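Fit chain V to the given chain P structure using the hints.
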Amino acid sequence: MKPYDNRAWFLVLPALVIMTFVGILPLVAVTNYSFQDLFSLNNPYWVGLDWYRNIVTSERFYASLLRSFLFAAIVLSIQLPLGIWIALLLQRSHRFIVSTVLVLITLPLVVPWNMIPVIWLNFINPNAGLAGRLLAWLGAGFDYKFNPLHTWIVLVVMDTWHWLGLVVVLAYAGISGISPAYYQAAAIDAASQWQVFRFIQLPKMKTVLSMAVLLRFMDSFMIYVEAFRINAGGPDSATAFLSLDLGEEIQAFNYGPSAARSMVYFLIVLTVAWTFKAATSTRAPVAMEPAK
Amino acid sequence: MKSLRSLGRIALFVVVGAFVLVPLAQTIITSLVSTLPRAGITEGHFSLVNYQNILHSPILKQSILNSIIYVVLNVALCLGVGLPAAYAFARYSFIGDRQLFFLLLVFRITPTVVLSLPIFVLFAQIGLENTPVGIALVHCVFNIPIAIWILEGFIASVPREFDETAFLDGHSLPGFFFRHLVPAIAPGIGVAAFFCFIFSWVEVVLARILTTTGGKPITMAINALFGFRTDFGLVMAMTVLALVPGMAMIYFVRNHLAQGFVIRT
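Order-wise, the sequence lines are chains P and V. All residue numbers for the first sequence refer to full-length UniProt numbering, where the first residue is 1 and numbers rise by one. All residue numbers for the second sequence refer to full-length UniProt numbering, where the first residue is 1 and numbers rise by one.
Simulated from the structure, these hints should not be mistaken for lab results. These numbers come from a predicted model, not from an experiment. We put the beta carbon where it would ideally sit given N, CA and C, even for glycine. Worth double-checking, as some hints may not be accurate.
Covered by chain P, per the in silico footprint, the following chain V stretches (three or more residues, Cβ under 8 Å) [what the hints assert, rightly or not]:
1) 48 to 60
2) 71 to 81
3) 93 to 105
4) 131 to 145
5) 189 to 202
6) 212 to 226
7) 233 to 242
Each pair of labels, with its calculated beta carbon distance range [said to hold, decoys possible]:
8) P:13 - V:165: 25 to 35 Å
9) P:188 - V:68: 50 to 60 Å
10) P:54 - V:61: 25 to 35 Å
11) V:6 - P:176: 15 to 25 Å
12) P:126 - V:68: 46 to 56 Å
13) V:12 - P:202: 15 to 25 Å
If we strip away everything but chain V, and leave its shape as in the complex, we get:
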């Protein structure tokens, strides 16, 4: 009876896994097929031509670089300002703390399309359009709340005596942060970085409106590939490449993924 149950459970997991993987598998297969007539390759045959074409395209290579720049900047920014804020929320109560937390919640769930028009106007006025820096900044609107929530949960699970001992040992606040707190909540920082990374990496509405003429990230470079005669193999190859960093991130945080959300809202 028990083994029958666990067999059923495994079967369900296999079904779920297949449901997730099959559409992705098709994407990977298409990325390995030449989908346009080319000299030397029969259309529909397997080849690495799409990946070679990416290597030969300065625009596509630049877009990969742009994506990496903005996402790294964004994660660094969110962790940098999120860590002290999360510490404040976890350890102190202060005037307006509840209201501030509510504000973060509101901005986290505000759809990006609602803010896209004024952000476009604002960023164009101060010259932050068409650059990865602009995207990195604007993605903070939903990522700073995420970073603060997750980090706050992790900091709150560290006993307060931990801080007090460090302060008694004569550590200043910054010294305590870097030498004691950061190592103590390293998994939490990993999970926060992971969620900031993926939400920033996959976002397209703000990324599109801010990069109409230049500084395009991968997502927008793929959009630009659609045209009269779309090279679907190339589109899929770029999509596969766009998945790689995210998959690597998932792998690194896999054992802490669930832990990151054992938090109080």
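Isolated chain P (complex conformation):
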């Protein structure tokens, strides 16, 4: 057990001061704006819940919400199994191969987010891009600008390119933390590869994987910069996700409505985080204590 000592607060205090300044304070401000009509910041006019009412009664909000959920679901169902699979294969590989693959696969993580769509638009450009020319040569009729399905494919493939590395790193971290004794025991029991995965590796990876699920869910659910650059929510709003609506309002400096929208999204984040915590805390006594 960890000793109980409230003086530990002094150690946390510097971090808390900064978090208050850049996180909590802005949140208080945005809550305040969300109840007002702010033509300019000096002329607030109290409108109560009007902005919220506008959001929750608009069909557009629910359509975007659905699209965002769908996108996050697709992204997770591709990246999670793929990432775990690669990590499992890595675990059986030579050290040199492991570090080479990890270095390669994390490369896209260091690309600035506004450059990711630029790189991909360049890549799928039918006149100059490698993939674009290949698709044109194959006669695939690929048209990401006007075919909604094709826009979705570009977004999903691009997001997988961008984020697969994070899932692999996390999954591999989980696997490499497993003691060899478990595998020896499994070998004695003549367990199949699937059984080893299902009853040893997967449970041991649970914590890191839940982290991966949480991070990947939130980031794809609220995808903004990348999705906007590819097709600006088009064609015909087919890729208009939640954050695109918010981005539009902020760019137009509609303080009140965008503040209310920010609050609605923050409440979604809070719900997700709380669900996540509730789902993982069932094993908290094990998970929260050092392995020692």
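Using the frame of chain P, we list chain V on its own:
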């Protein structure tokens, strides 16, 4: 049978590697091509003209400097406040520790676009807009949680007796931190610095809203290059340059990358 398996495995790794590298390769190639009509160079020919143009542009050079300033400041800040906090979480329980941890989680996953409006207003009021210092501060909102998580995992894997021996030897808390703890968890500090670095380096929503008229980092300087007649070669050359520090960081932490996440959430 076994060699066939490992061959299949290698084949898959090659496919994954190609999937990652091919779009990047195209970027690098474009950065080496002159994409606008210029005297002396045929359009579409290979040349280093884009990289030379970066060297000749004070704005682009300044943006590289701005990026380095804010990212170094941010990493230093996050490690500086994250290390004691991580120590507190790893070694003690105290009133509200669970709630505080939850708060960190919430702010880590809050999309930056949700906070961008109030941060813009707040930072404009206290004069922190258009400066790298502002970006360094604001990126703490998602990087302090990361630093604390990773460091906490590393500190928790150091046995408690390690601390107690040091304190018995008469070390004060700061003395213990710098002389014993920091060397003991050096890989962890490297990994935390790496993740703080990349998440700060690639973030654009807050960086954009805070640098509308000045202090632009690389990412925003690239955005500004788009116009009526965009010089794509130049854009790609800047993108390639923006990748270099991240790639160097990956190389340095490559053997500890996975270790950093063997943590409890």
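The hints, checked one at a time:
1. 48 to 60: It is violated: at least three residues are needed, and the stretch 48 to 60 of chain V offers just 0 whose Cβ sits closer than 8 Å to chain P.
2. 71 to 81: It holds, with 3 qualifying residues against the three required.
3. 93 to 105: holds (count 9)
4. 131 to 145: As far as the stretch 131 to 145 of chain V goes, the hint holds, because 5 residues have Cβ atoms under 8 Å from chain P.
5. 189 to 202: Our answer is that it holds, as 3 residues pass the Cβ test (under 8 Å) against chain P, meeting three.
6. 212 to 226: Coverage by chain P holds here, the residue count being 4 at a Cβ distance below 8 Å.
7. 233 to 242: holds (count 4)
8. P:13 - V:165: 25 to 35 Å: holds (27 Å)
9. P:188 - V:68: 50 to 60 Å: holds (55 Å)
10. P:54 - V:61: 25 to 35 Å: At roughly 46 Å between Cβ atoms, residue 61 of chain V and residue 54 of chain P fall outside 25 to 35 Å, so the hint is violated.
11. V:6 - P:176: 15 to 25 Å: Roughly 19 Å apart at Cβ, these two residues keep to the hinted range, so it holds.
12. P:126 - V:68: 46 to 56 Å: Given about 37 Å between the Cβ atoms, the range is violated.
13. V:12 - P:202: 15 to 25 Å: For residue 202 of chain P against residue 12 of chain V, whose Cβ atoms are near 20 Å apart, the range 15 to 25 Å holds.
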